[in-house]
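Protein chains in written order, with full-length UniProt numbering: chain A, 1 to 459; chain B, 1 to 459.
I should point out that these hints are in silico values taken from the structure, not numbers from a laboratory.
Among the hints, a few may not be true.
Claimed, not checked - Simulated crosslink set (DSSO-like; lysine-lysine; CA at most 27 Å straight-line):
1) A:Lys391 <-> B:Lys421
2) B:Lys421 <-> A:Lys421
3) B:Lys372 <-> A:Lys391
4) B:Lys391 <-> A:Lys444
5) A:Lys391 <-> B:Lys444
In this text, all values refer to a predicted model and were calculated from it rather than measured experimentally.
There are 2 protein chains.
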Amino acid sequence: MAVLSLCAGAAPAQSADLVVYGDYVLTMVPDEPVLENGAVVVRDGAIIAVGSRQTIDEQYIGAEAIAGTHRVVMPGLVNGHTHTAMTLFRGMVDDLDLMTWLNKYVFPMEGRFVTPEFVRIGTELACWEMIRGGTTSFVDMYFYPDDIARVVDRCGLRAVVASPHIDYPSPGFSGWDDSFAAAVDFVKRWQGKHPRITPAFAPHAPYTVSPDHLRATVEKAAELDAIVSMHLAEAPSESAYIAENFATTPVRHVQGLGLYNQRLIAAHMVQLDPNDIALTAASGVGAIHNPTSNMKLGAGISPVPAMLNAGVNVGLGTDGAASNNDLDLWEEVRLAALLHKVQTGDPTAVPALQALTMATRMGAVAARLGDKVGQLKPGMRADLIQVQLNKTRQLPLYDVVSHLVYVTDSSDVVTTVVDGKLLMRDREVLTIDEAALRASVARKSDEIRSALAATDDAS
Amino acid sequence: MAVLSLCAGAAPAQSADLVVYGDYVLTMVPDEPVLENGAVVVRDGAIIAVGSRQTIDEQYIGAEAIAGTHRVVMPGLVNGHTHTAMTLFRGMVDDLDLMTWLNKYVFPMEGRFVTPEFVRIGTELACWEMIRGGTTSFVDMYFYPDDIARVVDRCGLRAVVASPHIDYPSPGFSGWDDSFAAAVDFVKRWQGKHPRITPAFAPHAPYTVSPDHLRATVEKAAELDAIVSMHLAEAPSESAYIAENFATTPVRHVQGLGLYNQRLIAAHMVQLDPNDIALTAASGVGAIHNPTSNMKLGAGISPVPAMLNAGVNVGLGTDGAASNNDLDLWEEVRLAALLHKVQTGDPTAVPALQALTMATRMGAVAARLGDKVGQLKPGMRADLIQVQLNKTRQLPLYDVVSHLVYVTDSSDVVTTVVDGKLLMRDREVLTIDEAALRASVARKSDEIRSALAATDDAS
């Protein structure tokens, strides 16, 4: 085709690193329809062109090409809130309320088992699952963030890695002072240093971090121009605590402390009143909706349609695998489309395209990555996936967007590209040694099982 | 092993048709724990033994054996409410309210496209998806039930096939008289004639079938001792119609007409008051919960925990692929576990095992198949599946039931057996020619697309 275009007197074909074809290209650029028989061109990790197959073939020669028959090319998904290493606690305890789950199980388990090695293995397991499922960016909040960042560096994903600080003892720390000092140090060391890793502060929640400590976080985040990621307005118990102690809502509490002036990624955002929603919209705070986790912990249903109407940037998250119990963002997309229809009684609420927007373009903005990813257009970093659409259980196909939301599973993702680099080809993850990972997970989970059995025997 | 047991003077090993092993066996018999390293023995289509691998190997010699490493053996899932052939409408229209969806799209589409050939192809596509996903029994309600029954006969699944009758024109019929006469004829011809197929009456809903016609249904169902399957108490619009016309609730309306004295399978059961729930429990009516469909159509949240507390037999259904948009019962299991936690604010509501019970033992009772399937124990028909548990995204494994509910997807099902016959082995469906099916679906959906495009052009 390049030769033909030369013969026709057109400009000579330009070189590219990678051309990804698709029977369908869903750019997620506002108001752009699904492009049939198209391609995305990548050079130096960035998207340099999106267009019809014919135009692209005339203008570019890719060093590598990925065929697109029966596939849609679209932006990779953005998981706006997770605790990756908790994959090692997947399914250990279920069907408990948030405070029992946190105080009786999660915090004690973390105190007992979470080490740098645990975090390396658990994070790698999470990254494997995310690459396989088409998630290309995630916002993490977990202990030993340097170890998380090194796994992210190796496996090729993009992440906001938030270093947790909390007023109570946590893995590696005795309380606030040392956990906050470590977070400041982490942010300073990683800020601006890695093309795919953005460090962040992670004050755990308004009910576990004092107002003074939240003010200190604001001060340092402003000084370092750093992202802040935190749990906010998750459950009724949090609202009750904040009302009793500060006579306000969780949102207005942290807003009053200055957090809404920072680049805040607020996870959950369930317990909101109209004032909270208006403040969130006005501030540009990213709100991450975690439907599975909120349902499983009985936290409530986030007022997502009201937030969207008010102009809040709403993203989607899986939360950790201990409360989900997987990192499959397609389930969150589907639930975002379903849950608010039944909550409002309006089946036109959160239509399929809007749900998908929350996992891509708008989710990227909410995760403070909107300048880099979430849309397929020239200038954006090349974070994209191919999803297969012709499996027998997907037939027939009338509407690509409908299928992506209501029919697609993580197993339908066939290609994952981040920053122009292939992380998965034809379902094979290229950057993680699956056999070695499985062996590590087996060893670590055997340790956990043995320790739990010993505790059970002793009690 | 058989030789050893003979040497030890034990009884000689008995012959069996099939032995299905599992690292885990989940019988779903009340209060039976997960059996590790076990097996299920099948002869003449029935389960004749369930026990430890060692005991089974000593006592039985199977003509065929299926290995169970990293697999759980459990009862096949029961889909208590679906319209199988609507797979051919999968994803055609979404994000509309029930009455618009029904009256503007579904009914006209059905009038235009639904023929015996459409039903044969759509039903086969549905059966393929159900076999692949581990559903072994289903309750169908769709046009041309003889064609449905013939597909079920060939593909090996078990089904209650309900013949629809409605006061309005429907595919093949001008209204009530002929559709009801055809249903009576269908039930007479199939009742007691096939080991896996049970015919049933299907008066569409209380808002589409008059009281006189519901009374006539009751009379014929009583005379023929036949199952009745219908939509009941689905959406607020139905409740409003029944209140306006009959000054009662949908449940008390049909109860007053005698339907609650029949073997009724009532689909949806969303709009219920405490009286309705008490009547349903007392009557033994099976209530089929369709969470995805109810959410997608904004119908409301069924009071499942209250029904379970009252003793109602609650099963799960996918509804048709036009309102789901697939027939994946694992998603319904997961949603049944999640939705009622957030609805009640109680994260201990509908724990994982209870959700799984609704898809197996209790679902079988609700679908009027509880004497045949839903549990793995001697005397039951051999409807069982193997689910793989060691894929990397499922690791680690602490609790089999938790993983089945919160992590398993339909793609994790590896073996499907119905009535002792293997319908899928190692993910390969053995009773349906996938290539031929795909060709038929392509042809039929092309026809639908062309007709729709012609309509669009003309309008």
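Hints versus structure:
{"no.": "1", "hint": "A:Lys391 <-> B:Lys421", "in the structure": "25 Å, holds"}
{"no.": "2", "hint": "B:Lys421 <-> A:Lys421", "in the structure": "47 Å, violated"}
{"no.": "3", "hint": "B:Lys372 <-> A:Lys391", "in the structure": "33 Å, violated"}
{"no.": "4", "hint": "B:Lys391 <-> A:Lys444", "in the structure": "17 Å, holds"}
{"no.": "5", "hint": "A:Lys391 <-> B:Lys444", "in the structure": "17 Å, holds"}
Violation of the numbered hints given earlier is confined to hints 2, 3; the remaining hints are satisfied by the structure.
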